[in-house]
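Protein chains: 2
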Amino acid sequence: MKAEIVTIGDELLIGQTVDTNSAFMGSELSAIGFNVIQITSISDKREMILRTLGEKLGKADVVLITGGLGPTSDDITKQTLCEFFETKLVMNAEVLAIIEKMMAKRNYPVNENNRRQAEVPESCKVIPNTAGTAPGMWFEKEGTIFISMPGVPHEMKHIMNEHVIPELKKRFTSQHIIHKNIMTYGTFEAKLAEILTDFEAGLPDNIKLAYLPSAGVIKLRLTGSGSNREEVAKSIQYQVDKLYQIIPGLIFSENEETLEMVVGRLLVKNGKTLCCAESCTGGEISHLITSVPGSSGYFMGSVVSYSNESKTSILDVPKETIIRYGAVSRETVEKMAEGARKRFKTDFAIATSGIAGPDGGTPEKPVGTVWISISSDKKTISEKFTYGNDRVINIRRFSYAALNLLRQQIIS
Amino acid sequence: MKAEIVTIGDELLIGQTVDTNSAFMGSELSAIGFNVIQITSISDKREMILRTLGEKLGKADVVLITGGLGPTSDDITKQTLCEFFETKLVMNAEVLAIIEKMMAKRNYPVNENNRRQAEVPESCKVIPNTAGTAPGMWFEKEGTIFISMPGVPHEMKHIMNEHVIPELKKRFTSQHIIHKNIMTYGTFEAKLAEILTDFEAGLPDNIKLAYLPSAGVIKLRLTGSGSNREEVAKSIQYQVDKLYQIIPGLIFSENEETLEMVVGRLLVKNGKTLCCAESCTGGEISHLITSVPGSSGYFMGSVVSYSNESKTSILDVPKETIIRYGAVSRETVEKMAEGARKRFKTDFAIATSGIAGPDGGTPEKPVGTVWISISSDKKTISEKFTYGNDRVINIRRFSYAALNLLRQQIIS
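Which chain is which? The protein sequence lines are G and D, in order.
Residues 1 to 412 in our numbering are what the first sequence spells out, letter by letter.
Residues 1 to 412 in our numbering are what the second sequence spells out, letter by letter.
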């Protein structure tokens, strides 16, 4: 089962856009047992597209293609696919209906460019794209399946998850492949790999372990394969149980949830509410929490107290505390958490105060320093963390550290 | 001047690592006039490496290669390069000295793995890597230059900036390529393409236009090429001026800035301050604003008023307004903006109230509806927008709409 990935777009070659689509597609294809042979990025040029697709023809089982399906004249993938598959563009009524509905909702008239997006190669099977205007297209030629999708990441992901992966699974997998994603937080990759050396060495041949780190969260992906589904599931579960014995404090989910989803689930389960007082995280924690559907049930709101005055006037942090200990201190951050909890009348409050960078660091409190506090009706705790120099990465890391601290307080 | 990029590593194909190196190399190569023909990612397999390099031989002027130079047994690029260039590994004293020095600094003994890293193919020109242990290697064969670098991004960047780019510049200097990125907001891609049909048709042969849309922001990229740098620059500027005449209201930057950067720049320039009252955007606007270094100079803070009670208790929105008009209404959002401006004592305030979804929609106020208000000492304005069904995308679109509305108010 060989797969290839082809991403089309000048913006990829001149480095204006980082190709994140390929990693997503590679991961999804691997997950259902495909061997991804090559990722090829080429420009929006007819000859390059024809040559590249020609090279894969009859060699790969599946070729996933993204990009070049927009409504503008630099998007030439569709016409070139017609040439490659010796077919012509025809108007597709269903796609047109989706586009018309989308435009109507936004109160825009359907123009010639939109209408062109509803044209599809006659010989392809159309894959609906309810997340955007350009549909996916499924072709087969000389034993190779070619699937063309839009390059907009969320549209591509939607088409992959809803249609491409389920369909490929049906067509190709006699083998049963089961993934289990164990979400961990609290250490770094090299350290976790060291802790899990023996565990990894003891894995049976049909189970693989991968480390997928992102801003402090490390996803451990166990992939098992075999002809008997139940046996694979049992074998994976045995390894998961082992992980819980080795790193009980680090695992926060075995269902690929984010920290903000887990925190939300725990708050709902315990009938508790939450608010935040964010200084250095600038709204990112609130944003993460409210990205979860249903969060209005437990999240009451936040104060982003970027100025010291707002820490005093809205969160009731005594001026003297800030003057005496500084804004980035245990004393201030605990007062912020307590003030927010009173303001929003919640069971829990998160507060953060730190130095995201690039400026504002001192020898005692370098860039990357953050104080985080969790206040509840039982107690107020706080902890200091130190990260790196990159502002955006620091903000994300501070936020995850805060969510994990809250998680620990809820379950403690 | 044709260039190709080859990145080597299983982690790229299974999607464990996003290939950010290629975008960096592509951008650097384009900047000095290279036409990047293809980016190819392949696994750490001898046959794949040999085949891929063979395909580029005598066709590209330059092939940049990253990855597979680490000290572990799955890193086989160096041996395979020896095979491809028909040479053998020899110990390089200078590289060994760098490695020994680096290990001494970290208080590690030099082991067999480290020593192996000091071995290089006899026929290559060694490129020093003072940022890591694996050196870069420069080969030439049949008119093609092959440059192999480590896959660790900061090591590769170091070698690129210090050695590869200056050297390539010296060797190849004929064509000049200039990119100009015009950032627009306020319409969608198909509509913009319609407006720019004549403009695009009138572009000279040496200037290309590309559309790069993302959550409501559309980047227009003009790429010009020619043998005379000044003429290309002049020719591009002429087209930029034309764009300003055709779509004056849509352009918010010609320097590839984000909306939050532009808003920050305008606030600084005008000596004004800002705060937010966010309901449906849940902290995302504050997060975007505070992602910009230096934002603490003009951003005082926000209230994320997720609960109606906090709209009343912290932002002083009259209870009756919410009861009579609903939380998602012109009346409520304007009171939120005015309340926030008073609370934080700022010149401007942004307020949002809407339905991000997936639940909470009604026939009159469907999911995707948002009211946005901007309040200043001169006036309070508000506008309603309607977007789609995806919660996370709605939050992002609401936030950009708010930032753009603020931008218009600052410059009006």
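Think of the hints as simulated: they come from the structure by calculation, not from any bench.
Each residue gets a CB set at the ideal place from its N, CA and C atoms; glycine is no exception.
Keep in mind that a hint or two might mislead.
Claimed, not checked - Derived lysine-lysine pairs resembling DSS-like cross-links, with alpha carbons at most 30 Å apart:
(1) K219/D - K45/G
(2) K180/D - K269/D
(3) K157/D - K191/G
(4) K169/D - K45/G
(5) K141/D - K157/D
(6) K345/G - K342/D
(7) K345/D - K345/G
(8) K101/G - K234/D
(9) K2/G - K59/D
(10) K234/G - K319/G
(11) K59/G - K2/D
(12) K342/G - K59/D
(13) K345/D - K342/G
(14) K157/D - K242/D
(15) K45/G - K272/D
(16) K191/D - K125/D
(17) K157/G - K269/D
(18) K180/D - K45/G
(19) K105/D - K384/G
(20) K319/G - K345/D
(21) K45/G - K105/D
(22) K365/D - K105/G
(23) K272/D - K234/D
(24) K342/D - K45/G
(25) K219/G - K191/D
(26) K45/D - K141/G
(27) K365/D - K45/G
(28) K342/D - K59/G
(29) K345/D - K45/G
(30) K378/D - K180/G
(31) K180/G - K141/G
(32) K208/G - K242/G
(33) K319/G - K272/D
(34) K191/D - K125/G
(35) K45/D - K2/G
(36) K88/G - K191/D
Unchecked claim - These stretches of chain D come out as covered by chain G in the derived footprint (C-beta under 8 Å, 3 or more residues):
(37) 242–255
(38) 285–299
(39) 334–343
Among the hints numbered above, which are violated by the structure, and what are their numbers in rising order? Those not satisfied are hints 8, 10, 12, 14, 15, 16, 17, 21, 23, 24, 25, 27, 28, 29, 30, 31, 37, 39.
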